[in-house]
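Undergrad: Chain by chain, the residues:
Protein chains: 2
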Amino acid sequence: MDGEGRIRKMIDNLPNEIVVEEVSLRDGLQIEDRPFSVAEKLRFIRGMEESGIKRIQVGSFVHPKWVPQMANTDEVFAALERKAGITYTALVLNEKGLDRALDCDVALLSMSTSTTETHSRKNTNQTLAEGRERVQILIEKSLKAGVHVRAGVIMAFGCGYEGPVPLEVVEDLVDLYARLGVHEINLADTCGLANPRSIYELVARTRDRVGNDIAILLHLHDTRGFGLANVVAGIQAGATIFDASLGGLGGCPFIQNARGNIATEDVVFMLGEMGISTGIDWKGLSRLTLEMEELLEKTLPSRMAHLPDIAA
Amino acid sequence: MDGEGRIRKMIDNLPNEIVVEEVSLRDGLQIEDRPFSVAEKLRFIRGMEESGIKRIQVGSFVHPKWVPQMANTDEVFAALERKAGITYTALVLNEKGLDRALDCDVALLSMSTSTTETHSRKNTNQTLAEGRERVQILIEKSLKAGVHVRAGVIMAFGCGYEGPVPLEVVEDLVDLYARLGVHEINLADTCGLANPRSIYELVARTRDRVGNDIAILLHLHDTRGFGLANVVAGIQAGATIFDASLGGLGGCPFIQNARGNIATEDVVFMLGEMGISTGIDWKGLSRLTLEMEELLEKTLPSRMAHLPDIAA
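Those sequence lines, one after another, are chains E and F. Under this note's numbering, the first sequence has 89 at position 89, and the numbering climbs by one with no breaks. Heads up, this note's numbering is the position in the second sequence plus 1000, with the first residue counted as 1.
No lab work stands behind these hints: they were computed from the structure. Don't take every hint at face value.
[To be verified] Simulated DEER-style distance windows between Cβ atoms:
1) E/R82 <-> F/P1166: 46 to 54 Å
2) E/R209 <-> F/K1283: 46 to 54 Å
3) F/G1163 <-> E/I86: 30 to 38 Å
4) F/H1148 <-> E/L295: 49 to 57 Å
5) F/V1038 <-> E/E294: 40 to 48 Å
6) E/R209 <-> F/R1179: 48 to 56 Å
Ideal Cβ positions, reconstructed from N, Cα and C, are used throughout, including at glycine.
Use the sequences and the hints to build the structure in full.
TA: Below is the structure:
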């Protein structure tokens, strides 16, 4: 193949647009000790909207005893003035949470289950089989209620406890989700153990397995620093939606010093440089990251928010 | 194409091995105020050898008035016990430096010129045309002396002063280098302005222009955080050698807060995870990074050196 052919091959594989879902208010804040009030969360949601974010994960409906930071999720939804063109999403773990989410009229719900016994036990106190049944019930009930469903495979690229995850377990869940008719499948690199090759391979396999009607979403953590490389590999293989978190807020309870999700402003900036539109203003987001840093009194991993022309 | 076909396409494009050239003692240290003695530099060279590095950039032969940190490069070469299988490299800027390098019996020399008038003027006080002539003389003299030549295009992906760089200027240098018969062409992202798409495009174009006998090397800075994504894109397009720096030491004089070269241990670790061998032990390198941090009394950007299982 000549050079022009090679270049075209790369360019042809790149989409014009990618959807970025902002998850800092859920996956980011849930490990922070400082409580965030309804007003503070609404302030960040407004900031995200102003920066052009189209999908905002507002919180999760879990028991406040386990994740106190999420105790006010219902209140945030009640107080939220929903803007046209923006999707406000949430995460549910069980039927009680789902009922709360439906009461709050959440249009897009995220529900997942694990791929390893150890994580499943620690996360939900269930066996793999019980978790699979739980998520199936959640999906069926959500679809019946007319909700847009993203179904997740937790630790799809490796487990912080058990290491490698059998491909059959991942593919069994993918097949279940496809059969149930979910709208999106989330391959979650929960601990940041994926690499560009494993991302490419699993996304390409999944793409092939589920066809083009189900969107593939990647939830990436930047633990070992190749989160953005994983984004590019995921796009090359057909993923079209990416979770990301303001400033890279978050972490992983299994790996000390681990970073959080990939930083939204960094992903958005990189994609923009590559000619891929997200509709998002990375400078606005970077300013929001600086606000978050002030509240948390710490520096977040974000690269773009700390380059000198941002503060101006 | 089916999933297996897609996966094979990605895997077939990945080489089994990549060469990593360690440049922290040159590109990293040259911006540090703390002077490094001959003994200290030798200590780091030994540490790199013990970690499996096969190519070590020992320093540059430039006027000590401009880069005092490099004043002892001749002494380091004189005191260095050269090990079989390891290539000790250096950078030269002009004929005087080349004569010093040849006196030191350096087997692989790096020489470059700029792509923009502003940078050329500031870096060497020459016009573009003068710089082109200078590097041509250096290359011819080096090849005549039997030296392995890597010829570089500075700011190949954009200039910290002038912004975009005309493709014709880059390709004119590439053609000159190929015609002169250099062994390697270094496309240098001097300020960290490249992105995975521009990397892929320029490497693929260059690969096509110069054929397979000339190796393509990428010199990458991690200014905006997509250094590792750029590595993957470069490999996909045919680059086989990468500069990297212990801990990500270094910077860019044109962009405040800019990071240095991509961190050697991070690159090595990522490639290993992808099944691409470098022959290098990232844990050994990470320990060396921690030693460098102690000497410099600052934390370097390295990701892998700061994960908890390294210090043990």
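Undergrad: Of the hints stated earlier, which fail here?
TA: 2
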